[in-house]
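Here is how the chains run, residue by residue.
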Amino acid sequence: MNLIFSNRYTLFGLTILLGFLAAVYYGWGLRPITVRDASPSLLREDFRADYVLMAAEVYGADHEVERAIGALGFLSKNQEGYNPLVFVSGAIEFAIDAGYSADDIELLQDLAAAIQTFDPSFAASPTP
Amino acid sequence: MINDRQQRPPLYLITGVMLGLLTGLILAGILWPARGADVSPASLEDTYKDQYRLMTALAFAASGDLGRAQARIALLQDGDPVRALTTQAQLALANSATQREARALAALASVMQEFAASQSGTAEVISTPREEDLNQFSTPFESGSESARYELQDQELVCDAVDTPPYLQLFVFDANANPQAGVQLSLGSQDGVAELSTGLHPEMSPGYAEFILTPRLVYSLSINGVEAMGGIQAAACETDAGEPAWGTWLLLFNEAE
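Sequences listed follow chains A and B, in order.
Here the working numbering is used: the first residue of the first sequence is 179, the next is one more, and so on.
Here the working numbering is used: the first residue of the second sequence is 40, the next is one more, and so on.
Incorrect hints may appear among the rest.
[What the hints assert, rightly or not] Partial pick of chain A residues on the chain B-facing surface, computed with a CB cut under 8 Å:
| no. | residue |
| --- | --- |
| 1 | L196 |
| 2 | A200 |
| 3 | A216 |
| 4 | E242 |
| 5 | V243 |
| 6 | A290 |
[Claimed, not checked] Across the chosen pairs, the derived CB separations fall in these ranges:
| no. | chain 1 | residue 1 | chain 2 | residue 2 | range |
| --- | --- | --- | --- | --- | --- |
| 7 | A | D215 | B | I65 | 19 to 27 Å |
| 8 | B | V265 | A | T295 | 27 to 35 Å |
| 9 | A | D224 | B | D199 | 22 to 30 Å |
| 10 | A | N185 | B | T62 | 36 to 44 Å |
| 11 | A | Q294 | B | M243 | 57 to 65 Å |
| 12 | A | E242 | B | L196 | 42 to 50 Å |
| 13 | B | N263 | A | T295 | 51 to 59 Å |
| 14 | B | F154 | A | A239 | 44 to 52 Å |
| 15 | B | L52 | A | N261 | 19 to 27 Å |
| 16 | B | A280 | A | Q294 | 53 to 61 Å |
| 17 | B | D119 | A | A239 | 22 to 30 Å |
| 18 | B | L291 | A | S219 | 21 to 29 Å |
Honestly, the hints are just simulated from the structure, not real lab data.
Every residue gets a Cβ at the ideal spot worked out from N, C-alpha and C, and that includes glycine.
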């Protein structure tokens, strides 16, 4: 008798687990993701890296590091207190993995170097 | 009795599956949805799209890489990318603090528009006209009704540069003779209709627009949806040095008072 009840509880638990796994698979794997009005902080890694590359291209032409830092704030959930170097370092890593051209990687590295030597006592402008 | 119980459907199993599904859906759909992983620029909020578009234009101004700029703009999935750029350029143009941004946006819009025009209609344009094309063209004529909002103020065929395609250059002024940006122009021909807008070349004038005419096509021009001119053709002429060249039609319009 106890064995029957024990089997039932086990089966009940297994069916809950089965249902849970099916729902999670549907929700994360199968269901088409239609996100609207999203924040830039949710951009896919390659789009984020390309955005950083745009900032690096602009910086490569005007050498205005404050403006570049302001532009990179776009990728941050919180415009106050973000670290732009994190975005640039992430973009460099992605660029190397994804096989970006040497020129593009150099642009990103130049921007990273400029941010590292930038005097943080200057406030970054909030827009590019 | 025992047999009856054994033949009943195992409802607790269905209940278990339902409970699991419910919990999983709440977790994967509400508490911790799979966002982040696949968000593209097209899914951004409109203000962020504007910022992405602006950054694309600034990067284009810096690098001059049109292919890359077009690919980036395409990610936004704007219905009419050139119009989106133009509209944003005009808004930026209105603010004295964002003139650099306005120029970058307008320049990208202009180059994209020219690229699209060159892809669709001007493949056969040659930089030097053939001998038989010389002086074989009609002069544009006003075709608008009396209620037309814009009047032709002046027209001229300029023939001073060889190795350039046949341009149509338009200047539009408001009733106070100020250059007017954002005026919608359309050029219809047998090949279709090309849409233009003034304001894409602020370095020329806010009221300026240009278009490369395809030789042997006859165009009619509408301003803000009202027909204004007909018989516009690429005009082959001779420069002062006697060299054959494509002329540039200059058309100046004033808004009627």
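> For which of the previously enumerated hints does the structure constitute a violation, in increasing order of number?
Replying inline: 4, 5, 6, 8, 9, 10, 11, 14, 15, 18
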